[in-house]
Amino acid sequence: MSSILIADSGSTKTDWCLIEDNQNMRRFKTSGLNPFFRSEKECYDLLAEELAIKPEEENIKKIVF
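Numbering-wise, the sequence shown is residues 158 to 222 according to our numbering.
No wet-lab data here; the hints were simulated from the structure.
A couple of the hints might just be wrong.
Beta-carbon label-pair distances, calculated as ranges [to be verified]:
#1 C174 / C200: 27 to 35 Å
#2 D202 / Q180: 30 to 38 Å
#3 A205 / C174: 29 to 37 Å
#4 D178 / K198: 15 to 23 Å
#5 F194 / N216: 29 to 37 Å
#6 S168 / A205: 27 to 35 Å
Listed next, the in silico DSS-like pairs over lysine-lysine satisfying Cα-Cα at most 30 Å (straight line) [to be verified]:
#7 K218 / K186
#8 K218 / K170
#9 K186 / K170
#10 K211 / K170
#11 K218 / K198
#12 K186 / K198
Glycine is no exception: its CB is placed at the ideal position from the N, C-alpha and C atoms.
Starting from the given sequences, assemble the full structure and let the hints guide the process.
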């Protein structure tokens with residue numbers, strides 16, 4: 158099973174959609190993720206804290222940001 162993770166992001170919120178095997182869709186939200194205003198570490202820390210999935214367990218093959 159492989160997944161695609163899609164992010165629609167701005168400075169205040171990010172809408173996420175995880176598509177599994179082109180069939181199942183899971184949606185969730187995090188705080189805004191604008192890499193122009195946040196460092197790589199800040200982005201990583203935000204995702205580690207707020208992301209509703211564990212990417213290493215989802216077999217994500219592609220990320221669209």
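So, going through the hints one by one against the coordinates:
In this structure the supplied range 27 to 35 Å is violated for C174 paired with C200, their Cβ-Cβ distance being about 18 Å. Restraint check, D202 to Q180: a C-beta distance of roughly 32 Å satisfies the suggested window 30 to 38 Å. Distance hint check: the CB atoms of A205 and C174 are about 19 Å apart, inconsistent with the given range 29 to 37 Å. Against the hinted window of 15 to 23 Å, the Cβ-Cβ separation of D178 and K198 comes to about 32 Å, which falls outside the hint.
Separation of F194 from N216 is about 31 Å and conforms to the stated range, judged on CB atoms against 29 to 37 Å. Here the CB-CB span from S168 to A205 is close to 19 Å, at odds with the stated 27 to 35 Å. For the hint pairing K218 with K186, the CA-to-CA distance comes to about 20 Å; that is within 30 Å, so the pair holds. This hinted pair checks out: K218 and K170 have alpha carbons roughly 24 Å apart, not beyond 30 Å.
For a cut-off of 30 Å, the pair hint linking K186 to K170 stands: about 7 Å separates their Cα positions. Between K211 and K170 the CA atoms are separated by roughly 19 Å; this keeps the pair inside 30 Å, and the hint holds. The hinted pair formed by K218 and K198 meets the criterion: a straight-line CA distance of about 22 Å does not exceed 30 Å. For the proposed pair K186 and K198, the alpha carbon gap of about 19 Å is at most 30 Å, so the pair holds.
Hints 1, 3, 4, 6 from the earlier list are contradicted by this structure; the remaining hints agree with it.
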